[in-house]
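**Student:** Each chain, letter by letter, is given below.
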Amino acid sequence: MKSFAVLAIAITIGALHKAVALPARGEEGTPRGFADEKTGNEKTGDDVAQAIAVIARIGPQAESSREARQARDRLAQRGPDVIPKLLDAMDTTNVVAANWYRTAYDEIVASELSRPQPRLPIEALRAYAADSDRQGRVRRSVVRLLDRLEPGFAAAFVPTRLDDPEFRSDAVEAALAVGSEAEASGDRDEAIDQFRRAFEHARDAEQVTQAAAKLTALGEQADITAHLGLVTDWYVLGPFDASAYSGFAAVFPPEERIDLHANYTGKEGKAIGWSRHAASDALGQLNLVQCIAPVKEAVGYAYSELHAPREMEAQLRCGADDNCTVWLNGERVFGREQWLNGTRFDRFVVPVRLREGNNRLLVKVCQGPQHKDPEVANNWSLQLRFCDATGVGVGLVSALPATAKEASP
Amino acid sequence: MTTHCWRRLPKPVLALAAFAVLLFSGRAHAENWPGWRGADRTGVSDELGLPVAWSEDQGVLWKTALPGSGISNPIVWDDRVFVTSSDGRDQDELHLICLSRDDGGEQWHLRLWGSAPTLYHPTKSNMASPSPVTDGEHVFAFFGSGDVVCADFGGGLVWQRSLANEYGAFENRFAASSSPLLYHDLLLLQCDHYGPSYLLALDKRTGANRWKSDRPDVWLSWSSPQLMPPAPQRDAVAQPPAGGKRSRAATEKTVVAADRAEEELLVCGSHRLDAYNPSTGEKLWTVGGMSRECVPTPVFGHGLIFATTGPNGQTICIRPGGRGDVSASHVVWSNIRGTPFVPSPILVGDYLYLVDDKGVGTCLDATNGRMVWRKRLGGAFTASPVAGDGKLYFCDETGKTTVIEAETKKYRELARNQLDEPIFASPAISQRRLFVRTSGHLYCIGAAP
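Line order of the protein sequences matches chains F and G.
Residue numbers for the first sequence follow the numbering used here, beginning at 19 and rising by one.
Residue numbers for the second sequence follow the numbering used here, beginning at 954 and rising by one.
All clues given are correct.
Sample of chain F residues at the chain G side, in silico, Cβ under 8 Å:
#, residue
1, Q79
2, A80
3, N117
4, R120
5, D124
6, S187
7, Q356
Don't read these hints as lab results, they were simulated from the structure.
Since we're looking at a predicted model, the values are computed, not measured.
Think of the CB as a built atom: it goes at the ideal place given N, C-alpha and C, for glycine as much as any other residue.
Work out the full structure: start from the sequences and follow the hints.
**Tutor:** Take a look at the structure:
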């Protein structure tokens, strides 16, 4: 199995090498458009640039669509010479403009593929596929085209893209598949190696869980909590009384001051206080029905302290049922009033700045009325994590005091 | 000078000639299926000679593989069939495809990137859940990624909009499924989701806004808007003639609502059915009693509206018209039996047919809401039933279509037809053929031309 990976890497490195070492102008296979521009056909280049610029200006409400259509038609008539320019143009966050370019690109490619000898800029396409700074959606289309032109290209290219934002999950899937094959054939070391690679590079929760399960089954360690940056250690308080959907706007004492050894009057006049709980599942879900009570029309709070090794930018990713509001170091950083939601992983993503040392985290989770359908479970839960932009944990560790009485307000 | 020589003929001769053409040519024209659930979005066709029995080996005129997946219904206009689908890691690869009606061959294929794909259901809904719609010159497609596309019949992109970029990404746990509606020169869209919801009317020629009506107090809905014809009028629902004879009793019922000279745009979601002026987006009236999350599209007939939401919801018959909350004054009847979560109801003559998600069919008397019969029709259901030629077609998720006789007081099954793949999309009826979309193919079923 190692040989497969080595071969795949070798092929990809070869492809990258070829991509970097584009043939000199005028060599066989060089797109004519390159040559045209360098031989001074500025009118051709100007027209292409102008058409591309017209499409780039397409605005909201489909403004300038008529002009975009005319520009697109001009680009499509240029044939394969214009493909590198179209690939550059498609590398935009403006999806509407990208689609206009794509219709010209697709038309040209389809026309060329119908020829016995398609005139397509293979090396430029390879370079584009390998450039992880380009828009992933365009690169994926290019890989599909290359795979059609050179069957087997994708199978060789994808497994090596473990750090590629566009192809990471495909590469992880390939590693999991290779690991499973190794496991089935009795090659335990190779299986562990592949599963470890999959785990370390996975950012998708399902893939992380899958790789961790594979490793655990082989007697290896895999810390999902640390890898994803899940917050799993909490003090929990509730239920406060909040009729109907009033809980989101209501303000209860923890929003004004955190005092982990204080007692409050909760729902139905009962005394409530903070108690410590761990997340109830592998992906950090905190079940408030279990931690607090199976109540309706209520508010609960979860509090944690997290130690950061340094000051840093990070992403707070969270989801809650019914909804959550988040304060970080006393600042409200997120709140979204919605009801009857499921706690979906990474549903909300919020950029935050973490302090070096302790960071105080307070989350308010509302529980609405019973669903009209009595069979619908009235879940009450929270899931939250801190990670980088790719989705891997940023190394925070719980700094909660061992007991509530040791906590500082 | 042969052109326009007919102008020199006397008018009585022209009239006689026209009558002769109609008399001897059978139907004046074959019916198209231009959008979600057909021409009037009720699932009912005027076509005759529709197929009853088929299988993989019998009655299939052609079968074409489709890329990706989607539950949008195919639409048919003359010799063209249009379908949408989506695929890719996040279902952000969008497809609008034109096939030949005659052999299923691909005429053109427009590939687009979706701007903001949402969560989706692995089988029941993805970015290609809304059905496209056509006016015979252009085809309009709306995708769950928040993209609206207009293409000409040659496959050329005319305009595209990213509603996600302009008004915020859709937040939807099963992808948006509301099908666009053409009203004169407007393309009407219902965009109800977890985030800011709204109705939108686009100029079908340019894609620009004609009106936008925010719906601040609603949330997720998968229902498609419906257009209620103006009153007074004869029953607007096409009545499939039983055995070729139109049901006189059903078609002659007329309900007059003098306060309704214009069409009303019906929108279900968030515990209610709202009616809007389709020309302006002005809200007209509302009726409560719907479920919080609505999927089925209301139907109409006999001057009444029939809306259903489930599970454990109710079917409501509403008299249109009025202003404000008309819940107390305009609900004609309601019934809690057999309400589906996903499949839309269908009205044929005096009978309203429902099939719930678990496959149990219910027939209600549309005049009073009383149950006529209940019967298991198959396995789980996502597709909405269609009707024509005195028959009702119910396609289940196992690939089985149960065909029953329409407009009879007793359940009478005509056939059970099995295909090899699950069916989640509602079928289309056009030109004596049934177009059935399975999880991987589009089937054209009918008698050979």
